[in-house]
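There are 2 protein chains.
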Amino acid sequence: MAVDEVKLLGFWGSPFALRVEWALRLKGIEYEYVEEDLSNKSLMLLQYNPWYKKVPVLVHNGKPIVESLVIIEYIDETWKNHPLLPEDPFERATSRFWAKFVDDKFVPLIIKMSSSTREQKDKVAEEAREILKTLESCLNLNKPFYGGKIIGFMDIAVAWIGIWAPMLEKIIDVKLLNEEYMPLLNTWFSDVLEVLVIKECVPPLDELLAHYKDYYDRFMATKA
Amino acid sequence: MAVDEVKLLGFWGSPFALRVEWALRLKGIEYEYVEEDLSNKSLMLLQYNPWYKKVPVLVHNGKPIVESLVIIEYIDETWKNHPLLPEDPFERATSRFWAKFVDDKFVPLIIKMSSSTREQKDKVAEEAREILKTLESCLNLNKPFYGGKIIGFMDIAVAWIGIWAPMLEKIIDVKLLNEEYMPLLNTWFSDVLEVLVIKECVPPLDELLAHYKDYYDRFMATKA
Numbered sequence: 002m003a004v005d006e007v008k009l010l011g012f013w014g015s016p017f018a019l020r021v022e023w024a025l026r027l028k029g030i031e032y033e034y035v036e037e038d039l040s041n042k043s044l045m046l047l048q049y050n051p052w053y054k055k056v057p058v059l060v061h062n063g064k065p066i067v068e069s070l071v072i073i074e075y076i077d078e079t080w081k082n083h084p085l086l087p088e089d090p091f092e093r094a095t096s097r098f099w100a101k102f103v104d105d106k107f108v109p110l111i112i113k114m115s116s117s118t119r120e121q122k123d124k125v126a127e128e129a130r131e132i133l134k135t136l137e138s139c140l141n142l143n144k145p146f147y148g149g150k151i152i153g154f155m156d157i158a159v160a161w162i163g164i165w166a167p168m169l170e171k172i173i174d175v176k177l178l179n180e181e182y183m184p185l186l187n188t189w190f191s192d193v194l195e196v197l198v199i200k201e202c203v204p205p206l207d208e209l210l211a212h213y214k215d216y217y218d219r220f221m222a223t224k225a
Numbered sequence: 002m003a004v005d006e007v008k009l010l011g012f013w014g015s016p017f018a019l020r021v022e023w024a025l026r027l028k029g030i031e032y033e034y035v036e037e038d039l040s041n042k043s044l045m046l047l048q049y050n051p052w053y054k055k056v057p058v059l060v061h062n063g064k065p066i067v068e069s070l071v072i073i074e075y076i077d078e079t080w081k082n083h084p085l086l087p088e089d090p091f092e093r094a095t096s097r098f099w100a101k102f103v104d105d106k107f108v109p110l111i112i113k114m115s116s117s118t119r120e121q122k123d124k125v126a127e128e129a130r131e132i133l134k135t136l137e138s139c140l141n142l143n144k145p146f147y148g149g150k151i152i153g154f155m156d157i158a159v160a161w162i163g164i165w166a167p168m169l170e171k172i173i174d175v176k177l178l179n180e181e182y183m184p185l186l187n188t189w190f191s192d193v194l195e196v197l198v199i200k201e202c203v204p205p206l207d208e209l210l211a212h213y214k215d216y217y218d219r220f221m222a223t224k225a
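Here the protein sequences come in this chain order: A and B. Positions 2 to 225 (the numbering used here) are the ones given, in order, by the first sequence. Positions 2 to 225 (the numbering used here) are the ones given, in order, by the second sequence.
Among these hints, one or two may not hold up.
Since the list gives no way to pick out one identical chain from another, each pair is judged satisfied if it fits inside one copy or across any two copies.
What the hints assert, rightly or not - Using 35 Å as the maximum straight-line C-alpha spacing, the simulated DSBU-like pairs for lysine-lysine come out as follows:
hint, residue 1, residue 2
1, K214, K101
2, K64, K224
3, K64, K171
4, K64, K124
5, K134, K64
6, K122, K81
7, K81, K171
8, K81, K224
9, K54, K144
10, K122, K28
Keep in mind the hints are simulated off the structure, nothing from the lab.
Next up, chain A with everything else stripped away, as it sits in the complex (with noise of 0.2 Å):
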């Protein structure tokens, strides 16, 4: 059998990105890493994903695959080892509906709270501590992981949160984690973000924050 060709558009302070690399990661997946410039769109990115033209784009023996929880479910559905969806149905959906969540509920406060007025912002980290709330009203106390005793795709599609939102904390200033309110988040998220596969695949902290503080800053100017 040929050797996969297996090749990823990213651009390094994507999270979505970052999921889709964890999930290569945990199934031991070898790739070729390719870093995209947003501000100058390659044409490969452009040829593979016109639709959203964004990374993250998986491309598996010449062929594309956008959205990375699709890709994330396509990987999983590729190669066998390590499962990252557990095999009940009921769960499976359970996974799929929160990853999904967290994209829909918890993604566009974040852009809405790094274009708001001082006021606005606090309303809306209220809204975002809400959902982090209900995100740990579904870890299970018995199971290190969402995934259970190993790392799955629940735990991918949500982890980031636990690198970005300290972040926005000291960007814009507000209160999104809070260790006493919810405690089994912050445990979770330090254990999942411990995992060697996972901790070895982290953009370096302090680069990330001035990554986003420029763009925000820049942002704001705009509206000065």
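Using the hints provided, position chain B relative to the given structure of chain A.
Leaving out everything else, chain B in the frame of chain A:
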């Protein structure tokens, strides 16, 4: 083995609930349909879907599953006859991508179109036509359905547009479908809506039109 208890909380005018009914009927699953009054939501709906408070909700042996595409995948994984998603992982990813694309891109345009000025309406309708043209480009000329020889996941995810678009054209006075501009998509809409299982489960078109017209008129009155 105990008989499955399958209940669907729906609303007769919801395309998302309709998708799920089509999936259940294609599989030949017996279910109890529970009509929700969306202006006075039942405790059952609020209890089963406190996150979105929306239909459809599938309740299988007491366990709730929400979000139409998540439900359809659950149905496909639980009842194996008449597979809705293709077997091949790349084709599965493609089906999931396009279903998500419709929900992410087309649905917001419908909402935008319904609350715009005349000039904006035409601009948004142009965007909507582009999306429909893109959907047309995925049709395989050698196969009658997106799913191949038989109707599948992507067909039931997209087919509601064949009912809702002509209705919107009448209510909002825009042009969405055009037989000359997208003849293949128009033929596909006709074919899929002629499949007996689908045809038997379509809300009465005159009542649907009256319902949405009334909704639209009342909405516009608040803006006058």
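Against the structure, the hints:
1. K214 - K101: Cα proximity of K214 and K101: in one copy and across copies (27 Å, 31 Å).
2. K64 - K224: Answer is neither: 41 Å inside a copy and 48 Å across each miss the 35 Å cutoff.
3. K64 - K171: Result: close neither inside a copy nor across copies, 40 Å intra and 40 Å inter.
4. K64 - K124: Classified as between; 33 Å across copies, 43 Å inside a copy.
5. K134 - K64: Answer is between: at 22 Å across copies they meet the 35 Å cutoff, but 39 Å inside does not.
6. K122 - K81: The answer is neither: 43 Å in one copy and 47 Å across copies each exceed 35 Å.
7. K81 - K171: Neither: 40 Å inside a copy, 49 Å across copies.
8. K81 - K224: neither (49 Å within a copy, 54 Å between copies)
9. K54 - K144: Between copies only: 29 Å across, 38 Å inside.
10. K122 - K28: Classified as neither: same-chain Cα gap 39 Å, cross-chain 47 Å, threshold 35 Å.
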